[in-house]
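Chemist: Here are the chains, one letter per residue:
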Amino acid sequence: MMGHYLVLSAAMFSIGAYGVLARRNLLIILMSIELMLNGVNIALLAFARMHPETGTRGHVFVLMVMGVAAAEVSVGLALLIAVFRNRQTVDTGDLKSLKG
Amino acid sequence: MSSFMLWLIPVLPLAGFLVNGILRPPKMVAALVGCAGPIVSFVLSLIAFQAAPVEQNVFGWITVVGEKLHIPFGLRVDQLAAVMLLVVTGVGSLIHIYSVSYMNDDEGFARFFAYLNLFMFSMLVLVMGDSVALMFLGWEGVGLCSYLLIGFWYKDLKNADAGKKAFITNRIGDFGFILGIFCLWQMFHTLDFKEMSGHHAIDEKWATAAAFLLFVGACGKSAQIPLYVWLPDAMAGPTPVSALIHAATMVTAGVYMMARMNFLYVAAPGVLELVVLIAALTAFMAGVIAVAQNDIKKVLAYSTVSQLGFMFAGIAAADFTAGIFHVVTHAFFKALLFLGAGAVIHTLHGEQDIRKMGGLGRKLPALTAVFVIGGLALAGMPGTSGFFSKDAILAAVYLKSGIYMSFAAAWTLLVVTASLTAFYTTRLVLLVFLDREGHDAGHEEAPHELHKPGLLMMGPLAVLAVLSLAAGVWLNADHRFEKFLGPVWGHEEVHPAHGGHGLDAHTVNVYVSIGAFVLGAGLSAVLYARSHGREAVQRWVEGPMKGLHRLVSNKFYVDEIYEVLVIAPVRMGATVAWFLIDRILIDAILVNGTGRLVYALGGIVRRPHTGSINVGAVSFVLGVLAVLSYLAIHFEAWKIAFPF
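Protein chains in written order, with my numbering: chain C, 1 to 100; chain V, 1001 to 1644.
These are calculated hints, taken from the structure and not from any lab test. All values reported here derive from a predicted model rather than from experimental measurement. Among the clues, some could well be false.
What the hints assert, rightly or not - Taking lysine to any residue pairs in the SDA-like style, the calculated list, with each CA pair at most 20 Å apart, reads: (1) K96(C) x G1603(V); (2) K99(C) x G1616(V); (3) K99(C) x I1604(V); (4) K1356(V) x K1194(V); (5) K1639(V) x E53(C); (6) K99(C) x V1618(V); (7) K99(C) x D1504(V); (8) K1639(V) x L30(C); (9) K1298(V) x K1194(V); (10) K96(C) x R1606(V); (11) K96(C) x H1609(V); (12) K1639(V) x R57(C); (13) K99(C) x N1614(V); (14) K96(C) x G1616(V); (15) K96(C) x T54(C); (16) K99(C) x K1194(V); (17) K99(C) x S1612(V); (18) K1639(V) x G58(C); (19) K1639(V) x L44(C); (20) K1158(V) x V1229(V); (21) K99(C) x G1603(V); (22) K99(C) x S1619(V); (23) K99(C) x L1601(V); (24) K1194(V) x E1055(V); (25) K1158(V) x V1558(V); (26) K99(C) x Y1599(V); (27) K96(C) x I1613(V); (28) K99(C) x V1605(V); (29) K1194(V) x D1078(V); (30) K99(C) x A1600(V); (31) K96(C) x K1158(V); (32) K99(C) x V1615(V); (33) K99(C) x I1613(V); (34) K96(C) x G1611(V); (35) K96(C) x N1614(V).
With the hints as constraints, model all of the structure from the sequences given.
Modeler: And the structure:
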C-alpha cells in the first residue's frame, strides 16, 4: 500500500525534474517545479501516515511547502513577465547574458 | 611656587599658538595673544627659578608593560633648566615684543606669532623635560618651527629651500640622537635624567657610543662641523627668527643637552677630545668665513656658528658651567646684534649688504649705541659679558691642554678665533655705522625716508644691551653662576679653573683674551676706519690675496663639496631605487602583475559559465545527487548529526 504512494511521488518528482531540465519555456519550467514540489508533498504525507509517532510534523511540513510554493510561483511569474517585457521571449535558449 | 604650576610655563605659549594659528585674529589681538604667553611664562619662570629644583609629573605618557618602559610626561626645573628657562622666556619675550613692530607690515602677522609661540612651547618642553624622550620631543618641535620660520616667506623658492636644508641636515643629526637614546636605554634602562645620573657603574664602551651619538645630534642642532651648513642659510627667515631661534635659544640646545648629560660625558673622555677638536675647528673656520662676508646677517650667522664652537669647547673641557655661561651671555648679545641688524635692515628698507651701508651712526645714535655694545660683547671687550664667558672657556680648555694634545691645539685655535671675532665684529660695526667719505652720499639722496625704528623695537634692544654689558660682571662676581649651577654637576666646590691652584691659568687667559681682543679689533680699526685702509684691503683682495679671498668668501666651497660628495650620490641612489623598486618591482610586477594574473585565471574559469539556464539546472541536479549519494553512503553518521 505504502509503495504506491511512494511510486506516485517518485513519478511526479521525476516528471517535474525532467521538465525542468529538458524544456526551454520558462513557464513550463515553473510548472515542472510545482510538479516536483507536490511529488515531495505526497512522499511527506505518506511517511507521516506510516510513522504515526511523528504526530502532525509531516503535515505541517507539507503546509509549509505549499505556502512557500505559492510565494515562489508568484515571484517566478512576476519575473517571467518582466523578462518577457524586456526580451519579448521566455525561451531559456535566448537568455544567455550571464555567459562568461 | 607649588609645582603644579610648572605645566603652565610651556602650555601658555601653546595656547597662544592655537589661538593665533586657528583663529588668525586681527593684528592687535594676535600681537597681544602672541606676546602675553611668553611674558606670563617668563614671570612664572622667575618663580620657578626661585623654587628650583622643582618637578612635576603632568601625566603618564608612554607605557610599554612588557619592556618595563615607562616614560611620564614630567617637567623638572633644576638649576640648569632654570637658567635656560629664564633665557628662553626672557629673551623670547623681548623678541616677541620687537616682532610686533618688525612684522607690522607683513600679511602673515598672526601666522608668524603662531609659529613663534609654538617654538616657545617646544623649546620649553626641551628645557623642562625630565627625560631624554621628552627632550627629544621638544628637540623635534623646535626643528619643525625652525623649518616653518626659515621658510616663512615661502613664496620665494630660495627661502623654502633654506628651510628644507635646515630640516634635512638636522634630520641627519637627529638620527644620531635617536641611536644615542637607544644606547642610553641599553645602559640605564631608564631615560630619566635624575635616575640616569644616579647610576654609578657606567660601562665605558656604551658610554662612549652614547656620548658620540648624542654629540652627532648636537652637531646638527647646534651647527657644528660637518652639519653646520644649514645655519647660514637659515638667515632667509625674518630677522627676529634669526635672533630667537638661530642665535639665542634653539641652536644652543645641543650645548644644553650635553650639559644635561654631563655625567655621561665625564665617563667618555675620548669623545670629549673629539668634541673639543670639532668645536675649535668649527669656531675657527666659521670665524674665517665671517671675515669675508658682506651680508650683515651672514656675518652674524657665521659668528653664531663660531661662538657655538666656543660653547662646545667649554663642554668638552668638562667645565659645563663655562659652556652654559657662554650660552647665556651669547643669547643676550647675539639676540641684541640680530635685532639691531633687523632694525638696520628695517631702516634701510631691506638692504642687507654692508658695503652699501655706512653713516648710520649719525642718523641713528641710539641704535648705534646698542649695536656697538652688542658688538663689543661679541668681540670680547674686557668688562662685557662676552669677555667673561669666553675667558672662562679659554681657561677651562687651557687647563686641560697640559694633559691632552688635542686640547692644546684647540686652545690655540680658539685664541686665534677670539681675535678673528674681534676683527670681523669691528669691521661690521665700522662699515655699517661709520661715515664714509663719498660713499654714504647715496643714501642721503635716497628718495625714501629712513624707516626709523620705534619704541617697540628700541625697548627690547635697550634691555638686551644692559644685559650684554652687565650680565657677565654680575654672574661672574663672587663665582655666583658657578655656585648656583654647582649642584647640577654634583659638586658644590668652585671649579679649579677659577680658584685655588688654577688661579695661574685664569690670569694667563685673562691676558690672552685681552690681547686677542686688542689685536683683532685694533687691526680691524686700522683697516676699516679710514678710506685708505679700505682701499688697501680692496687692493689686496683684488691682487695678491685674490685666490684666498675667493676661497673664503665662497665659504671654502663646502656646500659645493657636499653637493658632489653627499647629495649627488644620494640622488643617484634615489634614481636607481626609483627605477628598480618603484617602476619595476612595484609598478610592473606587483601592481600590474597581479592584475594580469587575475585576468589570465579569469580567462580559464569563465569557460564553464555558458549562461544557459539548462546547463545550470543540470549541474545543480548533478550536485544535489552527489551530495545525496554522499549522505546515503554515510547514512549512520548523518543520523547522528541530525537526530529526528
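Chemist: Now look at each hint and say whether the structure bears it out.
Modeler: Here is how each hint holds up against the structure:
no.	hint	in the structure
1	K96(C) x G1603(V)	holds (18 Å)
2	K99(C) x G1616(V)	holds (11 Å)
3	K99(C) x I1604(V)	holds (13 Å)
4	K1356(V) x K1194(V)	violated (53 Å)
5	K1639(V) x E53(C)	holds (18 Å)
6	K99(C) x V1618(V)	holds (16 Å)
7	K99(C) x D1504(V)	violated (102 Å)
8	K1639(V) x L30(C)	violated (33 Å)
9	K1298(V) x K1194(V)	violated (40 Å)
10	K96(C) x R1606(V)	holds (14 Å)
11	K96(C) x H1609(V)	holds (10 Å)
12	K1639(V) x R57(C)	holds (18 Å)
13	K99(C) x N1614(V)	holds (13 Å)
14	K96(C) x G1616(V)	holds (11 Å)
15	K96(C) x T54(C)	violated (46 Å)
16	K99(C) x K1194(V)	violated (76 Å)
17	K99(C) x S1612(V)	holds (7 Å)
18	K1639(V) x G58(C)	holds (18 Å)
19	K1639(V) x L44(C)	holds (18 Å)
20	K1158(V) x V1229(V)	holds (15 Å)
21	K99(C) x G1603(V)	holds (12 Å)
22	K99(C) x S1619(V)	holds (15 Å)
23	K99(C) x L1601(V)	holds (16 Å)
24	K1194(V) x E1055(V)	holds (11 Å)
25	K1158(V) x V1558(V)	holds (18 Å)
26	K99(C) x Y1599(V)	holds (16 Å)
27	K96(C) x I1613(V)	holds (8 Å)
28	K99(C) x V1605(V)	holds (12 Å)
29	K1194(V) x D1078(V)	holds (10 Å)
30	K99(C) x A1600(V)	holds (17 Å)
31	K96(C) x K1158(V)	violated (66 Å)
32	K99(C) x V1615(V)	holds (11 Å)
33	K99(C) x I1613(V)	holds (10 Å)
34	K96(C) x G1611(V)	holds (5 Å)
35	K96(C) x N1614(V)	holds (11 Å)
Comparing the model with each earlier hint shows violations of hints 4, 7, 8, 9, 15, 16 and 31; every other hint is respected.
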